[in-house]
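Letter by letter, the sequence shown follows residues 1 to 301 in this note's numbering.
These aren't lab readings, by the way, just hints derived from the structure by calculation. Note that the coordinates shown come from a computational prediction; the quantities given were computed from them, not determined experimentally. Any given hint might turn out to be false.
[To be verified] For each label pair, taking beta carbons as the anchor points, the in silico distance ranges come out as:
{"no.": "1", "residue 1": "96", "residue 2": "49", "range": "43 to 51 Å"}
{"no.": "2", "residue 1": "218", "residue 2": "259", "range": "25 to 33 Å"}
{"no.": "3", "residue 1": "259", "residue 2": "229", "range": "19 to 27 Å"}
{"no.": "4", "residue 1": "135", "residue 2": "284", "range": "25 to 33 Å"}
{"no.": "5", "residue 1": "225", "residue 2": "273", "range": "23 to 31 Å"}
Quick reminder that beta carbons are idealized off the backbone N, C-alpha and C, glycines included.
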Amino acid sequence: MNQINVRTLDLNLLRILVTLADTGSVSKAAALMSMSQPATSSALKRLRIALGDPLFLRTGAGMVPTPYAEAILPDVRHHMSGLLDSVEARRSFDPKRSEKTFRLSLSGLGEAVFVPILLQHLWREAPFVELVNVPTSPRDLPTAFSTGKLDCAIGIIEVQGPGLHALDLFEDRYVFVSGRGLKDPPRKLEDLRACRLVVSRPDASFATDIDRLLGQAGLDRSVRLRLGHFGAIAPLIDQHPVVAVIPEQLAKQHVANQGATILPIQLAQPRQIVRLIWPDRHNDDQAQSWLRGLITKVLRR
Numbered sequence: 001m002n003q004i005n006v007r008t009l010d011l012n013l014l015r016i017l018v019t020l021a022d023t024g025s026v027s028k029a030a031a032l033m034s035m036s037q038p039a040t041s042s043a044l045k046r047l048r049i050a051l052g053d054p055l056f057l058r059t060g061a062g063m064v065p066t067p068y069a070e071a072i073l074p075d076v077r078h079h080m081s082g083l084l085d086s087v088e089a090r091r092s093f094d095p096k097r098s099e100k101t102f103r104l105s106l107s108g109l110g111e112a113v114f115v116p117i118l119l120q121h122l123w124r125e126a127p128f129v130e131l132v133n134v135p136t137s138p139r140d141l142p143t144a145f146s147t148g149k150l151d152c153a154i155g156i157i158e159v160q161g162p163g164l165h166a167l168d169l170f171e172d173r174y175v176f177v178s179g180r181g182l183k184d185p186p187r188k189l190e191d192l193r194a195c196r197l198v199v200s201r202p203d204a205s206f207a208t209d210i211d212r213l214l215g216q217a218g219l220d221r222s223v224r225l226r227l228g229h230f231g232a233i234a235p236l237i238d239q240h241p242v243v244a245v246i247p248e249q250l251a252k253q254h255v256a257n258q259g260a261t262i263l264p265i266q267l268a269q270p271r272q273i274v275r276l277i278w279p280d281r282h283n284d285d286q287a288q289s290w291l292r293g294l295i296t297k298v299l300r301r
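Generate the whole structure from the sequences, applying the supplied hints.
Following this line, the structure appears as structure tokens:
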């Protein structure tokens with residue numbers, strides 16, 4: 001049995017194995033690989049030592065593979081071809097043909113707000129790619145990026161840890177929104193205090209403490225319903241005389257899709273910046289650069 005010394009095995013040597021098998025000549029293999037003939041002969045010697053087999057025998061017809069070389073050549077060709085395809089795919093990403101899976105981290109709010117907008121452009125430019133949401137807390141992002149679990153994250157996130165990059169997309173804020181269920185929406189803060197307020201505050205979806213803001217505005221006693229998700233907001237404001245307190249980007253969707261109204265009443269609140277976060281190792285990846293470009297084009301304002 002051949003004893004393979006893996007420590008001395010260089011992938012470039014396997015290219016020489018394939019090229020020698022194709023040409024049957026050290027000089028022709030050297031020319032194809034842009035190497036000198038002595039360097040090619042030296043490389044062949046190292047490959048023979050690494051694999052523990054002569055690999056090629058000199059005959060009148062040229063260099064002929066040994067039975068061992070003939071046995072491993074199909075696998076070597078297959079895996080080298082796959083490796084080169086993988087490297088080339090990373091180098092030249094074609095969105096029209098790619099079947100790549102992209103993994104994003106989005107909160108429940110982000111999923112509701114960003115995914116519908118992204119898909120309008122994503123599947124038009126890249127019809128075969130797959131998008132997967134992997135919700136990840138900000139403190140776990142560095143680990144998720146380093147292990148390949150995530151490609152990027154979108155949300156109100158402060159950059160944590162070295163090797164991470166951030167791009168500001170837009171600012172968001174809480175607004176008051178009503179629907180067809182409320183016939184005479186309030187226009188002033190004092191009138192709002194007489195309304196029933198609906199608040200949704202899912203974990204890690206929005207950084208601002210909405211209860212504190214409502215308390216400062218004297219509206220904390222007006223809250224009549226607290227939800228854990230934003231999904232029920234649309235039917236609630238459509239069917240009941242209530243005012244919902246939700247992020248502006250979600251409110252704009254309700255205005256466009258359900259005929260809701262954003263009320264001209266504002267809360268004093270800090271800036272909430274929605275950011276795109278990605279790891280340093282994805283900077284030069286064409287597929288990742290394409291995805292970040294699409295997200296920036298669609299969401300940045």
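Hints and how they fare:
1. 96 / 49: 43 to 51 Å: Check passed, 46 Å falls within 43 to 51 Å.
2. 218 / 259: 25 to 33 Å: 29 Å, holds
3. 259 / 229: 19 to 27 Å: 22 Å, holds
4. 135 / 284: 25 to 33 Å: 27 Å, holds
5. 225 / 273: 23 to 31 Å: 29 Å, holds
In terms of the numbered hints stated before, the structure departs from none.
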